[in-house]
Amino acid sequence: MPEIAEKEVLTPQIVRLKVIAPDIAKKRRPGQFVILRVDKRGERIPLTIVDSDPREGTVTIVFQVVGKTTHMLSQLERGDKILDFAGPLGKPTEIEQFGTVVVVGGGIGTAVAFPIAKGMKEAGNRVIAIVGARSKDLLVLEHEIAAVSDEIVVTTDDGSYKRPGLVTEPLKEYLDRGEVDQVVAIGPVPMMRAVSELTKSYGVKTLVSLNPIMVDGTGMCGACRVAVGGKTRFACVDGPEFDGHEVDFEDLTMRLTAYREHEKQSYNQYLEYHKDK
Amino acid sequence: MDEKAKKKTLRPDRVPVGERSPLERVEDFREVPLGYTLDQAKDEADRCLNCKKRPCKRGCPVGIDCGGFVDRVSKGDIRGAVKLVKEKNLLPAITGRVCPQADQCEGPCLVGKKGASIGIGNLERFVSDWERKHGEVLPDKAPPTGMSVGIVGSGPSGLTVAADLIQLGYGVTIYEALHEPGGVLIYGIPEFRLPKAIVSEQIDGLRRLGVEIKLNQIIGKTLTVDEMLEMHDAVFIGVGAGAPIFMDIPGENLIGVYSANEYLTRSNLMRAYSFPEWDTPMFLGKRIAVIGGGNVAMDSARTALRLGADEVVLIYRRSLEEMPSRDEEIRHAEEEGLRFELLKSPTRIIGNGSGRVTSIELISMELGEPDASGRRRPIPVAGSEQIVEVDTVIMAIGQQPNPMIAATTPGLKTDKQGYIVVDKETMATTKEGVYAGGDIAGFGASVIRAMGDGRKAALAIQDYLVSKNTPDRESAS
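Residue numbers (our numbering), protein chains in the order written: chain A, 187 to 463; chain B, 88 to 564.
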């Protein structure tokens, strides 16, 4: 069972764990994810690998507490073990020298965008990071992504930090200047949708990383199917990254609501049970 | 003894095996047949003519001496019967429950020509259950060879290869992608047909013999087949077909449409029927349509009935005669209240404003000329569309190969559909030292056929390793 080597609480809701998993660390490339389980009655959830160190044999995950499984995961400490930890899954990001790449990260999506920005930089691209969050306390990895980017713009919806507004505004300015060869957008579905709609009108290729519901994560169940270019694709094996101009975001948004009631019930019951502890 | 066999009068009817009543069993996930008592088993076994021809043995894909073990049961030598079965099959508690015996050992039975064939499946189940109660009969194990074999997947073919090779003195490591071993025996076949405790028990038996099982290992991702070949002297790939097929009709992405793989995995592997005690949820629909006519369709339908559906309809595009499911499953499902819509096929799934399934449109079919499978081809009847109200649709129309291993293994040839190309006698792939069997190497198999592939592969792997004759791996590479 993989052991937690380091834990850091980034914000009250967002945690970074460094996990000892040498086989995964050796294979992992940017854009890939793990499936993990915390409890023997627990769900299997996918989490993107943010960083890996093959020499040290560790992989890093960053996650926001949104339900029972992520809550339980956030309770684990250094030295604790994660029951099941499998990967690296999904296709790696296609990293090439494109020229100027704008990497857009929204909320916790910045954690997923960071390794891609790093990879793009290492491949010789000029990297512009646009990082947004609802408010300052939901902003993560700002300094890490700044360190691997040539330029960075930070926005908050509520104006509590740096530039007020949405990530699409600075993105539009870059697009208007005609200096963008490729966009990678990772974050909440409405943000990825807005970015894709914007870049489509400029004809700039845009990759998005999708996060549909998964069970096995290896292509066996089809729960994560998404409509891309009119075809059914499985995000776990055909993705998780797809051409944002081809993704049916409406279909994705709808499918993400499938178990909302169940998720709420499960989490509330867990919180209720643990409230005195 | 022959004298006695000749004098024996033929009893045409089987000793019935007790079954829980449909009304009772549809309320839970416990097993349906109760199994024979010792007296019932001896009585049933006594019907066997103990004929010399042993067509039953030839009908068995792994070559169990069925007549031989049935004879021992009739004489009350149950331990001897267990030993005989386990010479050929270390997983009898599983095969006794899920084999399509009517098409295999029981099919050519001489008694069956005059009446009902000997209930070999029920007797196999009886002897394995007896063994679990009375202590394990351990098979003989050859001295260690110093060589080892890596197996991808812990389903029926992988477990058979493991069982055979561990007895022959090879080190065996199984790499399983999921968090629980057993493959389709765990995530696919439901508890009421194959209790998980029995699968675990049989797998633990292999562990006691020395088989190592590594979980959460996704071959093609965590490790490649080439890396496995650096650690082992040969590799067997038994990963199953893996990827579910959808019909490519409108509405398939609506909430409430499941592949049978997802539906069964949620229920079996993730125990979603115990939500919220277990974390994984699933929809407990009230009106459910299952599309397909195989065992997987039947398993899905009977699961849905147990999860509290008011009505479950099985939609199959041919007639009852062509239905590939085991006869017993069809009968059990019918008794439990499954409704059949035969000669019908879905044309689209209809949903409401929040993306949830509300109904399914079907079209009637008629049977035309036989197709490549030898079954009459279903042809849609123009203008026969009809709408059926449902809230859940389960697609159980088959699977296709998952390309994960083929894509990461240079030298491993696949056919144009993506199945791994193997020599049908040895299960050898086009890559030296790599063998494959079960669904990934063929077209729509069963548990026992996968086990038959595993048997052939194990023998061929032994031949290969003996001829390679290199206990020291360094000198081989």
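It is worth saying that the hints were derived from the structure and are not from the lab.
Certain hints may be false.
Okay, derived cross-link-like pairs now, DMTMM-like style, lysine to aspartate or glutamate, Cα gap no bigger than 25 Å in a straight line [unchecked claim]:
1. B:K283 <-> A:D225
2. A:K277 <-> B:D133
3. B:K175 <-> B:D133
Kindly indicate which numbered hints from before are broken by the structure, ordering the numbers from low to high.
Violated: hint 2 alone.
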